[in-house]
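Undergrad: Kindly produce the complete structure, drawing on both the sequences and the hints.
The numbering used here puts the sequence shown at residues 13 to 197.
Don't take each hint at face value.
[Stated by the list, open to error] Ranges of calculated distance between the beta carbons of each label pair, as one might list FRET restraints: (1) 155 / 132: 17 to 25 angstroms; (2) 150 / 185: 18 to 26 angstroms; (3) 41 / 106: 16 to 24 angstroms; (4) 115 / 54: 32 to 40 angstroms; (5) 150 / 41: 24 to 32 angstroms.
Derived by calculation from the structure, the hints in this document are not laboratory data. The model shown is predicted, which means the values in this text are computed figures rather than measured ones. The beta carbon of each residue, even a glycine, is placed where N, CA and C say it ideally should be.
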Amino acid sequence: MKNTRFTTLLIFLLFSVSMKGQSQEEAIKKDIKTYFDLLQEEKISEALDWVHPDLIGMIGKEMFLAQYKEMLKQASFGAMEIKTVSEVYSTEEKGDFALVNYKFAMDYDVSTMEDQAKQIFLSSLKSQFGDATIEDNVVKVQADREMFAVARADYEGWRILDYDKGMKMILSSFVPEEVFTHFNK
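TA: Structure below.
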């Protein structure tokens, strides 16, 4: 009898943990999709509300808005899709973190650039994102990227921190080293 109760309790516990993991993954995907949709609709101010508040606080929302507006004079966001979401890693002081792999496309209008400038721009994008081509005065970028999804008690939902090795020093201001270690970054 005790063995049956123990087995039932163990199954219930494993099921509960599994369901929590699934619901966290679903919540992460939902919030990131909202962020992606807002970017594609060029609702940049609203999209920035989904970026980690410490990064916004460090750089300033107005600075982000100005940079996006300048970029969107020549660029537009294409398809964005989540490829994988890791299990959530919890820290005591900085919240919960998940590593998200995603793919995105972006088009840059280069019709006003000289040929040499187009090639320099294309080369720069290739080194930054990997896959970039020029077709009919449009540079098309396809990139696989990573971001951290972060949840903390002082806000609702999951916030985004785009990850790039070059940004690690900035991100380490509000992402604990244990998170980078856990995700091998």
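Undergrad: Hints first: check each against the structure and report whether it holds.
TA: Structure-based check of all given hints:
1. One distance hint, 17 to 25 angstroms for the beta-carbon pair residue 155 and residue 132, holds here, with the actual separation near 19 angstroms.
2. At about 36 angstroms, the beta-carbon gap between residue 150 and residue 185 misses the expected band of 18 to 26 angstroms.
3. The hinted range of 16 to 24 angstroms is satisfied by residue 41 and residue 106, whose Cβ atoms lie roughly 22 angstroms apart.
4. Our hint of 32 to 40 angstroms for residue 115 and residue 54 is violated, since their Cβ atoms are close to 20 angstroms apart.
5. Between residue 150 and residue 41 the C-beta distance comes to about 30 angstroms, which sits within the given range of 24 to 32 angstroms.
Taken one by one, the earlier hints fail for this structure at numbers 2 and 4, listed in ascending order.
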